[in-house]
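J.: Sequence:
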Amino acid sequence: MQHHTLNSDVSALVNEREAASILCYSVRALQNWRHRGGGPDFVKVSARSIRYRRVDLDAWVAARTVSNTSQTI
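For the sequence shown, the working numbering assigns the number 1 to the initial residue and increments by one for each residue that follows.
Hints were generated in silico from the structure; no laboratory data involved.
A portion of the hints provided could be inaccurate.
Listed next, with one range per pair, are the computed distances between beta-carbon atoms [as the list claims (entries may be wrong)]:
#, residue 1, residue 2, range
1, S67, C24, 32 to 42 Å
2, S21, V45, 17 to 27 Å
3, A47, Q71, 32 to 42 Å
4, R34, V10, 18 to 28 Å
5, N15, R36, 12 to 22 Å
6, Q71, S46, 34 to 44 Å
7, A47, S70, 37 to 47 Å
8, I73, R34, 25 to 35 Å
9, R34, S11, 13 to 23 Å
10, V66, A29, 17 to 27 Å
11, R34, D58, 17 to 27 Å
12, S11, A63, 16 to 26 Å
13, S26, A47, 20 to 30 Å
14, S70, R48, 22 to 32 Å
Glycine is no exception: its CB is placed at the ideal position from the N, C-alpha and C atoms.
Model the full structure from these sequences, guided by the hints.
T.: Below is the structure:
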């Protein structure tokens, strides 16, 4: 598993590519989640600029952490 140390500040903003790398998903998956819902919270800096707070990425992962397959998300 790859560990990312982009910035120790959990409120730091990361771009779409960095967020996808942190989550081990594609940029396209993040784009789909933003459009359809269900992905991590994001910051809309401008009409064409999206950023993610590291704390929101961590919270999204934590909310999906389960101990068995019968648990729901």
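J.: If a hint holds in the structure, say so; if it does not, say that too.
T.: Verification of the supplied hints:
| no. | hint | verdict |
| --- | --- | --- |
| 1 | S67 with C24: 32 to 42 Å | violated (20 Å) |
| 2 | S21 with V45: 17 to 27 Å | holds (19 Å) |
| 3 | A47 with Q71: 32 to 42 Å | holds (38 Å) |
| 4 | R34 with V10: 18 to 28 Å | holds (21 Å) |
| 5 | N15 with R36: 12 to 22 Å | holds (21 Å) |
| 6 | Q71 with S46: 34 to 44 Å | holds (38 Å) |
| 7 | A47 with S70: 37 to 47 Å | holds (42 Å) |
| 8 | I73 with R34: 25 to 35 Å | violated (18 Å) |
| 9 | R34 with S11: 13 to 23 Å | holds (20 Å) |
| 10 | V66 with A29: 17 to 27 Å | holds (20 Å) |
| 11 | R34 with D58: 17 to 27 Å | holds (18 Å) |
| 12 | S11 with A63: 16 to 26 Å | holds (18 Å) |
| 13 | S26 with A47: 20 to 30 Å | holds (22 Å) |
| 14 | S70 with R48: 22 to 32 Å | violated (42 Å) |
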